[in-house]
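Participant: Sequence:
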Amino acid sequence: LAAMANYPGGWLYLGEMIAASAIFGLHMLRIDPGLLRERLRPPMQKDQPLADKLV
1235 LAAMANYPGG WLYLGEMIAA SAIFGLHMLR IDPGLLRERL RPPMQKDQPL
1285 ADKLV
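The working numbering numbers the first residue of the sequence shown as 1235 and each following residue consecutively.
Hints listed in this document are in silico derivations from the structure and should not be mistaken for laboratory results.
What you are looking at is a predicted structure, and each value in this text was computed from that prediction instead of being measured.
Hints may contain errors.
What follows is a list of derived Cβ distance ranges for each label pair [what the hints assert, rightly or not]: (1) M1238 / P1283: 42 to 50 Å; (2) P1242 / L1284: 43 to 51 Å; (3) R1275 / P1242: 31 to 39 Å; (4) D1281 / Y1241: 27 to 35 Å; (5) N1240 / D1281: 44 to 52 Å; (6) V1289 / L1269: 16 to 24 Å; (7) M1278 / E1250: 27 to 35 Å; (8) N1240 / Q1279: 41 to 49 Å; (9) Q1282 / L1246: 18 to 26 Å; (10) M1251 / R1271: 18 to 26 Å; (11) Y1241 / V1289: 20 to 28 Å; (12) P1283 / E1250: 32 to 40 Å; (13) L1270 / E1250: 17 to 25 Å; (14) P1283 / N1240: 33 to 41 Å.
Every residue gets a Cβ at the ideal spot worked out from N, C-alpha and C, and that includes glycine.
All chains, full assembly: derive it from the sequences and hints.
Facilitator: Here it is as structure tokens:
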């Protein structure tokens, strides 16, 4: 566990992923909030047809 904290490349990658996700989320919130809301829903939904759940 201590060796994991001393891994600058991993921290850089993690920071880049968090920043990219935040930028994309804010962009989608501004451009198309309905699409963002739909994409953040869980994959299995109550109103989803059974055929879609099986695939």
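Participant: So the hint says 27 to 35 Å: do the beta-carbon atoms of D1281 and Y1241 match that?
Facilitator: At 44 Å between Cβs, range violated.
Participant: Using the beta carbons of M1278 and E1250, state whether their distance is inside 27 to 35 Å or not.
Facilitator: Holds, at about 30 Å.
Participant: Measuring from beta carbon to beta carbon, are L1270 and E1250 in 17 to 25 Å?
Facilitator: holds (21 Å)
Participant: Using the beta carbons of P1283 and E1250, state whether their distance is inside 32 to 40 Å or not.
Facilitator: holds (38 Å)
Participant: Measuring from beta carbon to beta carbon, are P1242 and L1284 in 43 to 51 Å?
Facilitator: Since P1242 and L1284 have Cβ atoms about 49 Å apart, the given range 43 to 51 Å holds.
Participant: For M1238 and P1283, compare the CB-CB distance with the range 42 to 50 Å and indicate the outcome.
Facilitator: Since M1238 and P1283 have Cβ atoms about 43 Å apart, the given range 42 to 50 Å holds.
Participant: Tell me if the beta carbons of P1283 and N1240 are separated by a distance inside 33 to 41 Å.
Facilitator: violated (50 Å)
Participant: With 18 to 26 Å as the target window, see if M1251 and R1271 comply at their CB atoms.
Facilitator: Since M1251 and R1271 have Cβ atoms about 22 Å apart, the given range 18 to 26 Å holds.
Participant: Between V1289 and L1269, is the Cβ distance one that fits in 16 to 24 Å?
Facilitator: Holds, since V1289 and L1269 (Cβ atoms, about 21 Å apart) stay within the stated range.
Participant: Using the beta carbons of Q1282 and L1246, state whether their distance is inside 18 to 26 Å or not.
Facilitator: violated (39 Å)
Participant: Quick check on a hinted range of 20 to 28 Å for Y1241 and V1289, using CB atoms only.
Facilitator: violated (39 Å)
Participant: Is the distance from the Cβ of R1275 to the Cβ of P1242 consistent with 31 to 39 Å?
Facilitator: holds (36 Å)
In the structure shown, a violation is registered for the earlier hints numbered 4, 9, 11, 14, in ascending order.
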